[in-house]
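Participant: Each chain, letter by letter, is given below.
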Amino acid sequence: MRLIRANPGVGEELAETAWRRLRELQILIPTEPGSDLFFIAEPVARLLNYLFNEANPATPEIIRGYVASLEAANRQLTRALDDEDVQRVSLAFEEISQTLRRIHADLNETQNAILAEVTRYKTERARVSVRQKYRRIVHWMERYVEPMIEVVRADGPLRSAFDETERLLHRAREEALLNDHPALTRNLRFLRVVSAYALRVFTQCRKEIQPLYESLRRSSFIAEGASLALEQLQAAGLLRWGDEYLVGVASWRYQNVPSDVAIVATLRRVIEHPPESPPVLELTAEEETPDALVRLIWLESLPSLVTNNLPVQDLLGWIVETFSGRNISDVLAGFSALVFHNGFRATFTDRELRTYVIAGDEITASPVKLTST
Amino acid sequence: MSTLPHLTNIFDRLRRGYHLGPDDEPAFSVLCERFDEYAAYFAAIGITLVRHEREFFYFNAETQDTVPDTLPRIAVFSYIMVDHAANQGRAIDEFIFGHNFLVTALPHFTLDRYTALLRQVEVHDLSDLENVLNHMERIGWVKWLTDDEFRFLRPFHRVFSKCIELAQAAQKPSVGDSDSSSAISEGRVNRDS
Numbered sequence: 001m002r003l004i005r006a007n008p009g010v011g012e013e014l015a016e017t018a019w020r021r022l023r024e025l026q027i028l029i030p031t032e033p034g035s036d037l038f039f040i041a042e043p044v045a046r047l048l049n050y051l052f053n054e055a056n057p058a059t060p061e062i063i064r065g066y067v068a069s070l071e072a073a074n075r076q077l078t079r080a081l082d083d084e085d086v087q088r089v090s091l092a093f094e095e096i097s098q099t100l101r102r103i104h105a106d107l108n109e110t111q112n113a114i115l116a117e118v119t120r121y122k123t124e125r126a127r128v129s130v131r132q133k134y135r136r137i138v139h140w141m142e143r144y145v146e147p148m149i150e151v152v153r154a155d156g157p158l159r160s161a162f163d164e165t166e167r168l169l170h171r172a173r174e175e176a177l178l179n180d181h182p183a184l185t186r187n188l189r190f191l192r193v194v195s196a197y198a199l200r201v202f203t204q205c206r207k208e209i210q211p212l213y214e215s216l217r218r219s220s221f222i223a224e225g226a227s228l229a230l231e232q233l234q235a236a237g238l239l240r241w242g243d244e245y246l247v248g249v250a251s252w253r254y255q256n257v258p259s260d261v262a263i264v265a266t267l268r269r270v271i272e273h274p275p276e277s278p279p280v281l282e283l284t285a286e287e288e289t290p291d292a293l294v295r296l297i298w299l300e301s302l303p304s305l306v307t308n309n310l311p312v313q314d315l316l317g318w319i320v321e322t323f324s325g326r327n328i329s330d331v332l333a334g335f336s337a338l339v340f341h342n343g344f345r346a347t348f349t350d351r352e353l354r355t356y357v358i359a360g361d362e363i364t365a366s367p368v369k370l371t372s373t
Numbered sequence: 001m002s003t004l005p006h007l008t009n010i011f012d013r014l015r016r017g018y019h020l021g022p023d024d025e026p027a028f029s030v031l032c033e034r035f036d037e038y039a040a041y042f043a044a045i046g047i048t049l050v051r052h053e054r055e056f057f058y059f060n061a062e063t064q065d066t067v068p069d070t071l072p073r074i075a076v077f078s079y080i081m082v083d084h085a086a087n088q089g090r091a092i093d094e095f096i097f098g099h100n101f102l103v104t105a106l107p108h109f110t111l112d113r114y115t116a117l118l119r120q121v122e123v124h125d126l127s128d129l130e131n132v133l134n135h136m137e138r139i140g141w142v143k144w145l146t147d148d149e150f151r152f153l154r155p156f157h158r159v160f161s162k163c164i165e166l167a168q169a170a171q172k173p174s175v176g177d178s179d180s181s182s183a184i185s186e187g188r189v190n191r192d193s
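Line by line, the protein sequences give chains H and B. Note that the working numbering has the first sequence beginning at 1, numbered continuously upward. Note that the working numbering has the second sequence beginning at 1, numbered continuously upward.
Just so you know, not all the hints are guaranteed correct.
To be verified - For each label pair, taking beta carbons as the anchor points, the in silico distance ranges come out as:
id, chain 1, residue 1, chain 2, residue 2, range
1, H, Ala15, B, Ala169, 48 to 58 angstroms
2, B, Glu53, H, Leu25, 42 to 52 angstroms
3, H, Ala265, B, Leu145, 47 to 57 angstroms
What the hints assert, rightly or not - Stretch by stretch, here's where chain H covers chain B in the computed footprint (C-beta under 8 angstroms, at least three residues):
id, segment
4, 10-19
5, 53-60
6, 74-82
7, 90-97
8, 111-119
9, 161-167
I should point out that these hints are in silico values taken from the structure, not numbers from a laboratory. Even glycine gets a Cβ: it sits at the ideal position worked out from N, Cα and C.
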């Protein structure tokens, strides 16, 4: 009763009703009349045992085990054929036959189990997260379907073992040793059936699981991405939550857009602007030397001119007297050029201030002595 | 080129961040039919028109110096929605697009963790959630059906694309993992070269 209550079906009858029906149908049988102790009826127990222990999908290891059995039987058959031992050939035929039957039965169970699993995924109402479902379906793909296709494919180990078995069976027939043995013909036929059936079963299984696998895989990725983004926000805070977690959305705004009226007015001004001749450049040489050039040449000639008169006791006086026609600007420019020239040293003297008359103007200054460095 | 139909309307909506999907006729149909022409037209003025592989259209967002407040809010809202959907045991897009949602029944304030995350982006109550949804409506991701009921529109796939991008980026170091090494195709059809 505890078991029934712990596993209620959706919309099923009460646990007491289920209990009563189990007893009426003699699925549960009391150990002795009036006893509270029950056991499961033998046929049902056998069925459950089969479902639990045998109706399971074949793993690659199981199929590889069959391949090994077949190879062992092949070796046994080879030796028996070599020895022309009829008894041992018959035994090898039987072993091959049994192995093929087991492979066929397991393939059936595998297909049923995988289809049942796929159906269960699609109809399951219990809340199982996408990530858990994805892990389970990946388990089925990785454990049963994908590796099995490697085993059963046309150039896989199962096919090789089958080819070898077929070759030996043909040899047995050709050597007329046991060409009328019923197991020989049956095995040859069964080999072809099982070989094609194995590949078909696993290809079909993959086709059944693949869409589910793809869908769950995508959902799992989506869930993982969202989870990562939220974790990062939780751990780092909004200020450090990078832009990579945001989905960019365009936002184009008009800024300082000129109106159509303004564009038209501007174009009109350009179009209606009166034509104007380009300026003409005078490219011929000038006839008179420019004043600025004459002044520059004079300034550059001063160092050589003053060198002949060194030491000069009153530099400004020397310039005013020697170049009496120069205006005050030229005189001061010449004075500066000589004072700051690298080849001369200018020294203030202790003499009294002197007034210099230059082109009608006056400058009062302390005389400066100029010597060579 | 000058005969592109609904050009003004399409440009005016896309430039505001709107995503044009099947609910936006007739703009959607003409974009489907003459996508290359529209893309070339907008490319000439420096704008990339994107056609998502789930068949909707939007302008590629330029990198912005300042991120509008709405983007983190929309992101957090959406990631919580996806996180919740992942726990429902069904394919996520089937859950998101297969339902209408009531604002009052959203999962966003059902867990303290969600509430704390939303608080970081200044979303404190249902009224704030409605504001986020209004923003999402303005960019074509959701559609209000009544005052408090809405459904997600196809352009919400951009969130899924972003999630896949983040998950794949996180798995990059684990090269050799056969499961993760095969990238899931998701996102824009006309990627930039």
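Participant: All hints, please: hold or fail.
Facilitator: We went through each hint and held it up to the structure:
no.	hint	result
1	Ala15/H / Ala169/B: 48 to 58 angstroms	holds, 52 angstroms
2	Glu53/B / Leu25/H: 42 to 52 angstroms	violated, 56 angstroms
3	Ala265/H / Leu145/B: 47 to 57 angstroms	holds, 50 angstroms
4	10-19	holds (count 4)
5	53-60	holds (count 3)
6	74-82	holds (count 7)
7	90-97	holds (count 4)
8	111-119	holds (count 3)
9	161-167	holds (count 6)
Violated hints amount to a single one, hint 2; each of the other numbered hints is respected by the structure.
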